Structures are given as structure tokens and as C-alpha cells.
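Protein chains in written order, with this note's numbering: chain A, 1 to 111; chain V, 1 to 114.
If you want a taste of the chain V side facing chain A, the calculated C-beta under 10 Å gives, among others: (1) S33; (2) G40; (3) G42; (4) Q44; (5) F45; (6) F47; (7) Q48; (8) G56; (9) A92; (10) E101; (11) K102; (12) L103; (13) S107.
Simulated from the structure, these hints should not be mistaken for lab results.
Computed from a predicted structure; not experimentally measured.
Note that the Cβ used here is the ideal one computed from N, Cα and C, for glycine as well.
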Amino acid sequence: LAKTTQPISMDSYEGQEVNITCSHNNIATNDYITWYQQFPSQGPRFIIQGYKTKVTNEVASLFIPADRKSSTLSLPRVSLSDTAVYYCLVGFMDSSYKLIFGSGTRLLVRP
Amino acid sequence: ETGVTQSPTHLIKTRGQQVTLRCSSQSGHNTVSWYQQALGQGPQFIFQYYREEENGRGNFPPRFSGLQFPNYSSELNVNALELDDSALYLCASSAGQLGGEKLFFGSGTQLSVL
Chain A
1 LAKTTQPISM
11 DSYEGQEVNI
21 TCSHNNIATN
31 DYITWYQQFP
41 SQGPRFIIQG
51 YKTKVTNEVA
61 SLFIPADRKS
71 STLSLPRVSL
81 SDTAVYYCLV
91 GFMDSSYKLI
101 FGSGTRLLVR
111 P
Chain V
1 ETGVTQSPTH
11 LIKTRGQQVT
21 LRCSSQSGHN
31 TVSWYQQALG
41 QGPQFIFQYY
51 REEENGRGNF
61 PPRFSGLQFP
71 NYSSELNVNA
81 LELDDSALYL
91 CASSAGQLGG
101 EKLFFGSGTQ
111 LSVL
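Turn these sequences into a full structure, and let the hints steer you where they fit.
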């Protein structure tokens, strides 16, 4: 059964590093792991994407172990504007191809 | 702004009716996927179209159907609406067929079924 699992919520303070982990046991072999940010009443917005090991861009890092059964989004020095819901997205193959979002992690950044 | 536009932004229907939602993909993108997002939940994959053919489908009944046109815009049709169909419907476009290419989302259509 294709499924992804994330913590429901996390609290942090401005300037701290936040790490959010997603587990995805049955990811399709050739699929990337992608993370999105969503604010209320908006569509999800791309943060970062990777296949394995570590990827870094101007806003985040993504750590993927060799077995690719999980991934960790790292947000360095969060600010109040990072308060949002964060989703991992992976592809699975069973009877047909499916894109599965995690249940989402609601991040609250406090002053 | 992602370049993905959805219409209408809001819609109210009654149970048993049919609805058509529309999506214009970002220029250069040939793949469109649709998602249903209930309040407080993550987006649920409905299906994906690549070059006018459905090439992926989530666990939604056949009354959820779609089309992709030669210009890569897309429609989501839902027949025999049920109260539980009330949700935000999101469309996303991407440049590739499979493999989790970067998705660009529209702002969604908020559907209310009464």
C-alpha cells in the first residue's frame, strides 16, 4: 500500500533550524522525492527535490538515505513567514502510477 | 505566480449535479495532474494526463473523469456530486511524464456541494 507518513505538527522559534522527516516505504524506483510548502487558500509551492544523498538550494536542504525509504527536509534559520504546511510528494507504482502527498506537517514559527 | 490558472475559483453545486473544472497549464508543460484537498488534509491524487492520455490514477471512482486538450489545458469532470466531494481542487502542470518532475500548482477551485 502506497503511503507516506509525516509528523502532524512542529513548533520552532525564529532563527532555529527545522528538520521534517517523511517516510515512504514503497517509492517507485525512478521517482524523485519532492517537498512543497502550502499557505492557506493557495496551491502548494515547490521547495526542493532530490533522488538520493543530499541536495541543497537557496532555501532548504534535503537528505535522502541510500534505501530512499525516508527523506528529511531541513530549513535553516526559519522566520515567521515559514509558518505553513509542508508536504513530501513521491510517486508509487501499483496497479497504475500514483503521486502520493504526505499528510502534511504544520510548522509554527514563533518570535 | 506559477502560470497555472484554474477556473472558476469558487463554485456551489447541489448533490447529484455534474461539474466541470478547468485548468490552463504553464507554457511548455505537457503534463497535467489533478488533486482533491479536503479541509485540513493533504492533496489526494486524482489522475494525471500526459499528451492527452491518462497515465496515472489515484483511488477515485469513475465518476471523476478528465480530458487534456492539444494545447495541454485540461478539464476535470465530476458526475453525480456527493456532499463529500466538497473540497479544494488543485491542478498542477509539469514538463515531464513521470518521475516526480517539479509541479507548478494553480490556486485551486473551491467546490461546495450542498
